[in-house]
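Number of protein chains: 2
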Amino acid sequence: MAEQDFMTDEAMYDKALLDSLLLNNEIDAFRDEFLELHTYDQGAYFTQADDELRNQMYHLLSPKEVAELLETTEMEDEDYDHIFDTMDARYASDMLSEMSFDNAVDLLKILPKTKVASLLLLMDKDASEEIKALLHYEEDTAGSLMTTEYISISEMMSVREAMIHVKEQAPKAETIYVIFVQNDKKKLVGVISLRELIVAENDAYVEEVMNERVISVNVADDQEDVAMIMRDYDFLAVPVVDYQNHLLGIITIDDILDVIDEEASEDYSRLAGVSDIDSTKDTVFTTARKRLPWLMILTVLGMITATILGNFEETLEKVALLAAFIPIIGGMAGNSGTQSLAVAVRGISTGEVDEQSKVKLALREAGSGLLSGLCCAVLLFIIIVLIYQTPILALIVSFSLTIAMTVATLSGALVPLLMHRMKIDPAVASGPFISTINDIISMLIYFSLATTFMSYLV
Amino acid sequence: MAEQDFMTDEAMYDKALLDSLLLNNEIDAFRDEFLELHTYDQGAYFTQADDELRNQMYHLLSPKEVAELLETTEMEDEDYDHIFDTMDARYASDMLSEMSFDNAVDLLKILPKTKVASLLLLMDKDASEEIKALLHYEEDTAGSLMTTEYISISEMMSVREAMIHVKEQAPKAETIYVIFVQNDKKKLVGVISLRELIVAENDAYVEEVMNERVISVNVADDQEDVAMIMRDYDFLAVPVVDYQNHLLGIITIDDILDVIDEEASEDYSRLAGVSDIDSTKDTVFTTARKRLPWLMILTVLGMITATILGNFEETLEKVALLAAFIPIIGGMAGNSGTQSLAVAVRGISTGEVDEQSKVKLALREAGSGLLSGLCCAVLLFIIIVLIYQTPILALIVSFSLTIAMTVATLSGALVPLLMHRMKIDPAVASGPFISTINDIISMLIYFSLATTFMSYLV
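Residue numbers (full-length UniProt numbering), protein chains in the order written: chain A, 1 to 458; chain B, 1 to 458.
Read the hints as simulated data drawn from the structure, not as lab findings. Check before you lean on any hint, since a few could be wrong.
Because identical chains cannot be distinguished in the list, a pair is counted as satisfied if it fits within a single copy or across any two copies.
Unchecked claim - Derived lysine-lysine pairs resembling DSS-like cross-links, with alpha carbons at most 30 Å apart: (1) 318 with 358; (2) 167 with 318; (3) 360 with 64; (4) 358 with 281; (5) 358 with 15; (6) 185 with 115.
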């Protein structure tokens, strides 16, 4: 019986053993041990191996075996580039031909154009034609995610014929669990799951047992929309068609898992003002270099707030205590603005917020900003009066807090909604940016009020 | 040929038509039209229907048909509660028996205990036993996600026998695409995909063609770990075992999609300091009520900063311009702290940050905080000198900025890492909380420095 691998943080392979088998060129022993592993674990071993070990692996493993492990492994773009630099070009092109077309395309998109051209030249003609066609689809569209290795049957086949056809096509297909039905004009007319096919009567016609209401995506659709459809409908695969409903390819659930992860990460990074959230392995310098552009812009923006406050120097000189409440007013505006920004951005991404509900959402946010601003203001008023016995100051601070929080909550929701309507990438509406804008607005409100009512303060 | 449904924002069903068929009690016409739809669209129609229409639907649809549409629909907890309140108890229990056990359990967990007990009493005994067993697993564990409706075969079967067995079990199984192999002691010894079974020789034994290295999860494992495994290994289903490797159930990819969404939302909400990110449909009052507790706590915390600044009133009176740089120092500390908080929280969730890499991550964040703090400080120094011609003030502000950003970046990473080590729910380390703490620290640094070097400023 195979040893049971319970889930642990440890590697699921014996590194020392594999290393030594490789270095001693023990072909059979290495292959026995290595190919027993799940391809994900093979990939984990491959990822941590150095160039010498990897080169030895290319000797002991077929291009197909390496293709399979690379397909379940995620590495940094630079790493893939390096792999292709050190791999024999013929071996590399054989390996690419063995991959699913969509995965081969994903890899080729990373490599420099000249390298791609020479690899395609070495490849067998059928595969290179298919891959070239797929390379042309725009990033983040359904076309860029799809593969052409689907199983399709004719509506005129019997269930028995269909099953034989599926069996024949199985080795080349990305999934055999969802089977698409085309008519004689190559148009998509139906879909049937393998499960339905298996339980159907052998003598029935495909036409009779298939589902005619096919949900498909257009080749130009955004990947985010595709992900939403697959999540909502619990699909294992969705067909991709052109505007005349010709079947072009399919997108499978494993690719969509990555998209969902990616899109959620994007929203998350935006909120934090970082470009690349998954970079826990970066060095100090790379991290600083990635974050600096944003931080520099925010510094310059922050100087706007400072200059505005500088103009109120006279007010500050008269009542120095006013300065003590700068952080709380700015901070609370920032906090409530970030909250409504988060809700709006996520609502747009998940499709929960549509055209009709935009105005409603903005109004709700403004209302809730006013309401929570009022509550916090009352609390703040009481605390300030208790500590400083200055009701007029407390009133100005509390009043400023209420307006600042209302404006911040409204702008937090409005900015991403407006950008989305104007088809601008809402990346500019990142959390720190919104906070800094709110800082400027809230300081203007606070010190204008304080200057106006100065006579009551001194 | 069925009309092709391209992806649009519009509903995929004809509401007016369905409404009128329902209200006129046109049984056959309604069933024809309605059951043509994908269960997700059926669910969308059901969700927006009022009680009258729903009651009519219960008359025209079987418990099984309603079960199927509810299984692909996500509603708020209150809505489910309401549905069971208005549905006949016998119909409800029939409907629950028709669901996958894991989905029935998810629904029952929402309902009050007394209602659950009476529904289980009405159910047929086998189903109620299975559901009762599943109800006992703790929230967010593999046990709470799994279903017992899997297909398992014996290692001694031939491929032909196995295929017949699969066909027989298909109607009752949650998935037939992954088949688990048990030995005579009911232990899990292998796994084979339907695809592998289909292409295998009919006369071969299951034992010879199955994969012996099964990756399984323990029934007590956290759902987040299960999601990571399924994403990494591209599984459609993963087996759940007890500590003696007995097969207890399976978890399928559709349930994991929801978990991945949920976990990403959780991290995102934490960063923004909101409890419930997907609530774009809430009213003003609900929204304000949900966010107020956090905002009130932050107001009180903000008063700590205000009190500290109040103690520096004398310093502020002498150099009022110091106040102008409060927002920029506090804001930049907040921004860089949020960035490192985001990276640390996400790194912990995705499993990228483990015990060994924790110290490394904290050090890297501190280093990058220092480095980017220095760069921003130089920029700020130049701007201040240009605008105010006050090099000493510029020096104090820039120096404070550097220290504040370094401390903020370090604490942004350290707080969630420490909480994770101490097994405390890192929900307390939300973005606004970290920002407020950083406010306090950065103001202390800034005004201590300013007070110390006061003689150079005036």
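Inset, instruction - Any hints from earlier that this structure breaks? Give me their numbers in increasing order, please. - result: Violated hints: 1, 2, 3, 6; rest satisfied.
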